[in-house]
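Engineer: Going line by line, the protein sequences match chains C and H. Mapping the first sequence onto this note's numbering, position 157 (from 1) lands on 157, and the numbers just tick up by one. Mapping the second sequence onto this note's numbering, position 45 (from 1) lands on 45, and the numbers just tick up by one.
Treat each hint with caution, since some may be false.
[What the hints assert, rightly or not] Derived SDA-like pairs (lysine to any residue); straight-line CA-CA distance at most 25 Å:
{"hint": "1", "chain 1": "C", "residue 1": "Lys194", "chain 2": "H", "residue 2": "Arg43"}
{"hint": "2", "chain 1": "C", "residue 1": "Lys252", "chain 2": "C", "residue 2": "Phe158"}
{"hint": "3", "chain 1": "C", "residue 1": "Lys250", "chain 2": "H", "residue 2": "Val12"}
{"hint": "4", "chain 1": "C", "residue 1": "Lys194", "chain 2": "H", "residue 2": "Ala13"}
{"hint": "5", "chain 1": "C", "residue 1": "Lys252", "chain 2": "H", "residue 2": "Leu7"}
{"hint": "6", "chain 1": "H", "residue 1": "Lys117", "chain 2": "C", "residue 2": "Phe27"}
{"hint": "7", "chain 1": "C", "residue 1": "Lys194", "chain 2": "H", "residue 2": "Pro44"}
{"hint": "8", "chain 1": "C", "residue 1": "Lys252", "chain 2": "H", "residue 2": "Asn29"}
{"hint": "9", "chain 1": "H", "residue 1": "Lys59", "chain 2": "C", "residue 2": "Phe27"}
{"hint": "10", "chain 1": "H", "residue 1": "Lys68", "chain 2": "C", "residue 2": "Ala43"}
{"hint": "11", "chain 1": "H", "residue 1": "Lys59", "chain 2": "C", "residue 2": "Ala43"}
{"hint": "12", "chain 1": "C", "residue 1": "Lys187", "chain 2": "H", "residue 2": "Val12"}
[To be verified] Among chain C residues calculated to face chain H with C-beta under 8 Å, some are:
{"hint": "13", "residue": "Tyr22"}
{"hint": "14", "residue": "Val23"}
{"hint": "15", "residue": "Ile24"}
{"hint": "16", "residue": "Val41"}
{"hint": "17", "residue": "Glu45"}
{"hint": "18", "residue": "Val170"}
{"hint": "19", "residue": "Ile173"}
{"hint": "20", "residue": "Phe183"}
{"hint": "21", "residue": "Tyr237"}
[What the hints assert, rightly or not] What follows is a list of derived Cβ distance ranges for each label pair:
{"hint": "22", "chain 1": "H", "residue 1": "Val195", "chain 2": "C", "residue 2": "Ile117", "range": "49 to 55 Å"}
{"hint": "23", "chain 1": "H", "residue 1": "His139", "chain 2": "C", "residue 2": "Ile173", "range": "56 to 62 Å"}
{"hint": "24", "chain 1": "C", "residue 1": "Gly10", "chain 2": "H", "residue 2": "Leu7", "range": "50 to 56 Å"}
{"hint": "25", "chain 1": "H", "residue 1": "Thr26", "chain 2": "C", "residue 2": "Ala124", "range": "33 to 39 Å"}
{"hint": "26", "chain 1": "H", "residue 1": "Lys142", "chain 2": "C", "residue 2": "Leu200", "range": "49 to 55 Å"}
To be clear, the hints were calculated from the coordinates, so they are not data collected in a lab. All figures in this text were calculated on a predicted structure; none of them were measured in a lab. By construction, the Cβ of each residue, glycine as well, lies at the ideal position given by its N, Cα and C atoms.
One letter stands for each residue in the lines below.
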Amino acid sequence: MNIILTIAQGAYQKVIKSKILYVIVVFCLLAIAYSTLYSAVTAGEETKLMKDIGLAGIAVAAMLISIMVGSTAIPTEIESRTIQTLISKPVRKHEFILGQFLGAVYVALLSIAIMAIGFIIILAIKTHALNLVMFRPLILVCFEAIVLVAVSVLFSTFCSSMVSSILAIVVYIAGHLSYQIPFLVEKAGNAVTKFAGLLLYYILPNLQYFNVKAPAAHGIYVPWGLIFGVILYGVIYAAIMLLVSLVIFKNKDFA
Amino acid sequence: MKSSERLVQIIVAIMLLVGLMPLGNTLNNIKEDAGLADRFIQRPVLGFDSIASDVLWVKTIQYMAGVKKIDVKSANIIYEMFERITDLDPLFTTAYTFGALAVSNKSPAKALTLFDKAIAHNPDIGWRIPMFAGVVSMHNMKNYDKSAEYFALASKVKDSPMLLKRMRALAKSRAGDLGTALILWESLYNSSDSVSVQIARRELVRVAAEILKTSTDNKLRNKADRIIKEIL
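This is chain H alone, in the form it adopts within the complex (with noise of 0.2 Å):
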């Protein structure tokens, strides 16, 4: 073999690995607009994070079978196999809320934790798991202003159900936030669902009175006392 004609082989052969530079940063840029990028993970296993993934998932379920009642430490211990489960598979949806609805009562912050990873990596996350987070705040945190802001999350869903709206409304009053709890209500109370309108209207007596009541602010005052007269 001619060396001139190696020479060029060689040449040829960086050429195409120095093309591939910019076309291994094209894929990565690719995954990261579908949401499918390869994030650090502790302890790879080689492109089978999947597989990985179910046999975890059906040893914790297992765990979970033997435990009677779930106390401080089985809530950690179930906290950290999801958290792995979910390290290695951040699409299993399911693995996310089964982990954190059952550590919601022992520990709810932990509860939370997951349902922010489960937001975090799944764009198109739907309007449960952000409903499940909004309930934990509300009911097992007393977060009501968190809890608010998850049922925002889950109301802007396509086809979520009107509940949501109406939980916000209930968070935001809870959180004191009576000015915004009476937008929120207002807008209920003038929506078609006939269910949210008897509800919203029952909340926004109580929750103008309570402005009449508490609030120096007079604009918002005068607002309660429009509603008021409105309503009744």
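Extracted from the complex, chain C is given alone in its bound form (with noise of 0.2 Å):
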């Protein structure tokens, strides 16, 4: 365990150096502070304004930095040949594999958590309330975000940093479609179409359950249960594409 932790510190402190970290948490923070000047064009409507592109800003940033952290851990240590130091000690490939993925997902939620911690004060600068409702939508934006380092640390186990970065976007893409596959395959003719596309949909992460963006912005109540199930979910998931990680990357050969 302590092995896995000192490799999660060494990642961490790779990837906190990076400049276009701290750019994008600035960036998002910027955007919902400056929503707060929209209230003129949005005859009365500028606190769901606000909380929109404060939820949906904060989920970009999570996202961006989540491939990000997840599709460049692995490479760099292969790339600077740090690796082969690293396997040359007694430190087994899951435990390097985890400590990437612990420092990666560490990096990200501190991320979250800093844009959501100033989201809120702005949203109450604003309201004049405090607004704990919003941290709902936000507990599963850091789910989401370790689903999507998960899936980044994945195919960063067998492509370059580049092509992970792209392949897990349109994994992201493709998760925040997928719950419309059983409705087209409800229309599909043959029993192959329905098939492959019912397959599909239980591969690719279903991410619309991470999203309650909408009914936090409304004020509406989100159940804890659909949260909890929500984690449930997204702790399975990441734990499937680790799983498939280590199996590929203990077939690697470093030497």
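If you follow the hints, you should be able to join the two separate chains into one complex; please do so.
Structural biologist: And the structure:
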């Protein structure tokens, strides 16, 4: 466990130096603050607009950061040949994968936490109330980020960082569209198409589960049962991705 | 890595994936029960539906600001815009009201379509939207039966004003359903709301007189006769 945490710390320290990370976080906070100026053109819906911009901005930033840190963690180690030193020491490959994953997750969650606190403060200044209900969609944004880091880590075990970033973005897009597959499958004529559609539906992550931004922005109650269910879904999906990463990575030879 | 170890890992991964299927179905059911189910939409926006609806909302407000007088053509455009806004964010009740009231004069049927969509997508809609729908049905469509249905829906909402019950009774009278109108006005006459009692008294006399004049139903005529005698 100590080895995993040491690798995670190393991965975190490497990523945290990246300037692009700060640019994304600052840009997101500026976008949220800027949304307060839109009150004149929203016909009384400025608070809703602000909540939507805040939640969407954090979700986009979380996606970019997760994919960036997830898909660069392992290829950077391979390119800089640090991995050879690590593997020659008593570090097992699964410890290396888990360490890199935890380091990337830590960076992603830290960035989301900073943006979330900034958002809640700006919203509190604007509405003169502490909107704690906003934490529910933000919790799910955190777990969506964990899933995306796991997916990026999986791709980075057999692709370059650039290719794994692109693949992770494709999964992100497909993951947000996959909920539409059952509607399309219903209309599909033949059994093969139906089977292929359903297979895709169950293999792809259903990232729409993590999206409760609209009800939260309207102040509609999002049940805790749903939140915990989605957290469980995210954890299991991330675990599957890590298991597959491990299977692929263990076959790699770095000698 | 031993092949048996790899096989175990693959089997565990597949089992976890299979385990996600019932969990996914449970999550879909919870979302459905909470009124947050994902719907099929023509232009999916990757989970950013709400912000996309905001952008369209701002664009629509800008468009409406440039329209001097709403005619049939601009009413159709405005309706389409609000259709898209509410497709993206079905919980955006202000958009339904704003859009429906904007087009209610030139396209009352489309206004009612928006109101119906609002009612269908928002179980806790409150009384205002059904009330607006009732008013549009009554004054713009002259569909008094439909109007009475909307007022009935609005008046069921907790803490809704007594006015809605009076509007329902009025709609029933105008729809020619004098029997129901008589019952509704009578219940208002027996209520504790002084304004309703006053109005109900006047309306009961009018509806009862109408029944005595036009109805052939003896039971209804007797009831109308009894009410008139009680009131006067």
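Engineer: The structure should be examined with respect to each hint, and the outcome stated for every one.
Structural biologist: Going through the hints against the structure:
1. C:Lys194 to H:Arg43: Satisfied, since the Cα-Cα distance of roughly 22 Å is no more than 25 Å.
2. C:Lys252 to C:Phe158: With a Cα-Cα distance of about 9 Å, the restraint between Lys252 (chain C) and Phe158 (chain C) holds, given a limit of 25 Å.
3. C:Lys250 to H:Val12: holds, 16 Å
4. C:Lys194 to H:Ala13: holds, 23 Å
5. C:Lys252 to H:Leu7: holds, 17 Å
6. H:Lys117 to C:Phe27: violated, 37 Å
7. C:Lys194 to H:Pro44: holds, 21 Å
8. C:Lys252 to H:Asn29: violated, 42 Å
9. H:Lys59 to C:Phe27: Roughly 24 Å separates the two Cα atoms, so the pair holds.
10. H:Lys68 to C:Ala43: holds, 18 Å
11. H:Lys59 to C:Ala43: Answer holds: Lys59 (chain H) to Ala43 (chain C) is near 11 Å, not above 25 Å.
12. C:Lys187 to H:Val12: Distance of about 33 Å is beyond 25 Å: violated.
13. Tyr22: violated, 24 Å
14. Val23: violated, 21 Å
15. Ile24: Hint on Ile24 (chain C): violated, closest Cβ of chain H at ~17 Å, above 8 Å.
16. Val41: holds, 5 Å
17. Glu45: With Cβ-Cβ at 6 Å, under 8 Å, it holds.
18. Val170: violated, 12 Å
19. Ile173: holds, 6 Å
20. Phe183: This hint holds: Phe183 (chain C) lies near chain H, its Cβ roughly 4 Å from the closest one there, short of 8 Å.
21. Tyr237: holds, 7 Å
22. H:Val195 to C:Ile117: 49 to 55 Å: holds, 51 Å
23. H:His139 to C:Ile173: 56 to 62 Å: violated, 47 Å
24. C:Gly10 to H:Leu7: 50 to 56 Å: For Leu7 (chain H) against Gly10 (chain C), whose Cβ atoms are near 32 Å apart, the range 50 to 56 Å is violated.
25. H:Thr26 to C:Ala124: 33 to 39 Å: holds, 35 Å
26. H:Lys142 to C:Leu200: 49 to 55 Å: Holds - the Cβ-Cβ distance for Lys142 (chain H) and Leu200 (chain C), about 52 Å, lies within 49 to 55 Å.
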